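When you get a sec, could you build the whole thing from the sequences and use the hints?
Protein chains in written order, with this note's numbering: chain A, 1 to 327; chain B, 1001 to 1327.
Source of the hints: derived by calculation from the structure; they are not laboratory data.
Do not rely on the hints blindly, as some may be mistaken.
[As the list claims (entries may be wrong)] Think about it this way: if two alpha-carbon atoms lie no more than 16 Å apart in a straight line, the pair counts; the simulated EDC-like pairs of lysine to aspartate or glutamate are:
1. A:K316 x B:E1300
2. A:K314 x B:D1302
3. A:K299 x B:E1321
4. B:K1314 x A:E306
5. B:K1299 x A:D302
6. B:K1299 x A:E321
7. B:K1316 x A:D302
8. B:K1054 x B:E1089
9. A:K299 x B:E1324
10. A:K316 x B:D1302
11. A:K54 x A:E81
12. A:K103 x A:D65
Because the structure is a prediction, the values reported are computed rather than measured.
Single-letter residue listing:
There are 2 protein chains.
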Amino acid sequence: MRRINRVCQLLGIEYPIIMGGMSWAGTPKLAAAVSNAGGLGIIGSGPMKAEHLKKAIDEIKTLTDKPFGVNIILVSPYADELVDVVIEEKVPVVTFGAGNPSKYTAKLKEAGIKVIPVVASENMAKMMERIGADAVIAEGMESGGHIGEVTTIVLVNAVCRAVSIPVIAAGGIADGRAMAAMFALGAEGIQMGTRFIATYEADTHENFKKLIIKSGIRDTVVTGATLGHPARVIETKFAKKIRELEVENLQQAEELLVGSLRKAVVDGNVDEGSFMAGQCVGLISEIKHVEEVIKDIMKEFDMAVERLNQEHAKLKNAMSEVNEYVK
Amino acid sequence: MRRINRVCQLLGIEYPIIMGGMSWAGTPKLAAAVSNAGGLGIIGSGPMKAEHLKKAIDEIKTLTDKPFGVNIILVSPYADELVDVVIEEKVPVVTFGAGNPSKYTAKLKEAGIKVIPVVASENMAKMMERIGADAVIAEGMESGGHIGEVTTIVLVNAVCRAVSIPVIAAGGIADGRAMAAMFALGAEGIQMGTRFIATYEADTHENFKKLIIKSGIRDTVVTGATLGHPARVIETKFAKKIRELEVENLQQAEELLVGSLRKAVVDGNVDEGSFMAGQCVGLISEIKHVEEVIKDIMKEFDMAVERLNQEHAKLKNAMSEVNEYVK
Chain A
1 MRRINRVCQL LGIEYPIIMG GMSWAGTPKL AAAVSNAGGL GIIGSGPMKA EHLKKAIDEI
61 KTLTDKPFGV NIILVSPYAD ELVDVVIEEK VPVVTFGAGN PSKYTAKLKE AGIKVIPVVA
121 SENMAKMMER IGADAVIAEG MESGGHIGEV TTIVLVNAVC RAVSIPVIAA GGIADGRAMA
181 AMFALGAEGI QMGTRFIATY EADTHENFKK LIIKSGIRDT VVTGATLGHP ARVIETKFAK
241 KIRELEVENL QQAEELLVGS LRKAVVDGNV DEGSFMAGQC VGLISEIKHV EEVIKDIMKE
301 FDMAVERLNQ EHAKLKNAMS EVNEYVK
Chain B
1001 MRRINRVCQL LGIEYPIIMG GMSWAGTPKL AAAVSNAGGL GIIGSGPMKA EHLKKAIDEI
1061 KTLTDKPFGV NIILVSPYAD ELVDVVIEEK VPVVTFGAGN PSKYTAKLKE AGIKVIPVVA
1121 SENMAKMMER IGADAVIAEG MESGGHIGEV TTIVLVNAVC RAVSIPVIAA GGIADGRAMA
1181 AMFALGAEGI QMGTRFIATY EADTHENFKK LIIKSGIRDT VVTGATLGHP ARVIETKFAK
1241 KIRELEVENL QQAEELLVGS LRKAVVDGNV DEGSFMAGQC VGLISEIKHV EEVIKDIMKE
1301 FDMAVERLNQ EHAKLKNAMS EVNEYVK
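Pasting the structure below:
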């Protein structure tokens, strides 16, 4: 029997590439494009109430026949209702933002919905495996938006060692080299957010896309850390101001942050918007079509594996000595 | 002609694994053990004057016939003299801490010494290539000790795309899976610090080694960021106190940090020491002999490449569609 990648099998998709849960940017149109291109598109329900999510699901169903998912943020005041909507609408997959989705897992599973939480530690990953998660997303702190403290290479490594369910790697991934690197650590899928914003199919404002293209790997900063909700954003004047206010006037920083993601994604407001994006902005130099993004990544993944094998072969003599070594 | 790994060829070593530049912990004994095991041992000249380095080099020459290196920190007030010592002593390799070693490169190269600077951006990597560096070390912010802001997976990816000289990956690497991941990104060698401290051959105090073994991936923090010299350390009570003082009393934080690395490495002083270590502490669960560390990494590298090939094969059907895709 032909073996198939477990993430593809689990989700009924062609390429083990899933879209990050993105508030405002995770629209039905973009999610449908990812699903139609063979990945798993994800509607970001972050700012939505039940009725908005219902409408978004109706919309994506007109745009794709392929599997798609919904991301639910556990701190949403509407989380209970949103979970009910995905069950009613028979959404194939739910990803959860960081936190503990235990209270929802059983009823989602009963409804035949795949449950994939984001985890920030190997212990949380083990717990999620125990309560029946189908896979976990290990997301490093180089990712855009709300982040933890551990970087992708360390977190993915630790999580892959801790659980048997498939691990989907996220954070700092925008190309096929990084995909190959994550698979070398033991991941069986990747999640990307920023890379999908820089596409023609993204409804995200042009100003946001332009900022991604022109930013380097050192051009993101973390805002909100002192407020207890650290988020990685592109370093605009606004982001610098927020960081200053976090030292001088926390209250004002908090006030300015409210609604700032919407201002970035929807309005392209460079003076008042939080342009949430990962460090991989520095690896993204071109707006592409979603299909091109996915196919290019798979091609590059292929090339990276090939190059790794060549480099591995160059160490063959050394390896033969290693294999003779007895502890 | 048999092709050989470029880092091994450049440095005359068997495995492309080099020791991080570590003040106090980078002793001749540990460096000799790494060189004798087929890697490249590095004497950390951080706190040394010329006479100390001369003595350390004399010592390592009695302990190994293999190539070794010296790490020089560019902010050292003795940097000029230290460079003169390595030239006089015909040390085979010099690695530099982050910064711009341009003023030393020409005379080191004339003396036949390999020059390998640490870089924190792809632009710095390009500049180092231009001035004749033999390789660069791309070190992510998950590493122990003094750090930048970009994580390993993003930095190594960007640097590998920017230069043609070999790239040595550092930061968060303690095992063969991570080595394979770095090679998938295009690196041709790895550098490790923390993993070599947790060995029998390290002269580092037992308390330090114990802290590494018991710490998890989330147990490091960054101190000194507000003082302009961020360093990753294990989160002890002392580290927490420093972080509080960085908000309340910068002057006192600075005073307490002076000499704190020595107190950790040499004295094992858990109340006043800075236990500099990378996030990979959470992936290190055992004190090993240096030879065992290196051989285990190479074995695991081998296994990781094998597993990656298996996973790659599972995506073969999907790949054939990709290859038919024309942009």
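Against the structure, the hints come out as follows:
1. For the hint linking K316 of chain A to E1300 of chain B, the alpha-carbon distance of about 14 Å falls within 16 Å, and the restraint holds.
2. Among the hinted pairs, K314 of chain A with D1302 of chain B is consistent with the structure: their alpha-carbon atoms are about 12 Å apart, no more than 16 Å.
3. Our distance criterion of 16 Å between C-alpha atoms is met by K299 of chain A and E1321 of chain B, whose separation comes to about 10 Å.
4. Straight-line distance between C-alpha atoms of K1314 of chain B and E306 of chain A comes to about 15 Å, which keeps the hinted pair within the 16 Å bound.
5. In summary, the hint linking K1299 of chain B to D302 of chain A is not supported, as the alpha carbons are separated by about 23 Å, beyond the 16 Å threshold.
6. For the hint pairing K1299 of chain B with E321 of chain A, the CA-to-CA distance comes to about 10 Å; that is within 16 Å, so the pair holds.
7. A hinted pair counts as satisfied when its Cα atoms are at most 16 Å apart, and K1316 of chain B with D302 of chain A qualifies at roughly 10 Å.
8. As the CA atoms of K1054 of chain B and E1089 of chain B are separated by approximately 8 Å, the hinted pair is consistent with the 16 Å bound.
9. For the hint linking K299 of chain A to E1324 of chain B, the alpha-carbon distance of about 11 Å falls within 16 Å, and the restraint holds.
10. For the hint pairing K316 of chain A with D1302 of chain B, the CA-to-CA distance comes to about 10 Å; that is within 16 Å, so the pair holds.
11. A hinted pair counts as satisfied when its Cα atoms are at most 16 Å apart, and K54 of chain A with E81 of chain A qualifies at roughly 10 Å.
12. This hinted pair does not check out: K103 of chain A and D65 of chain A have alpha carbons roughly 30 Å apart, beyond 16 Å.
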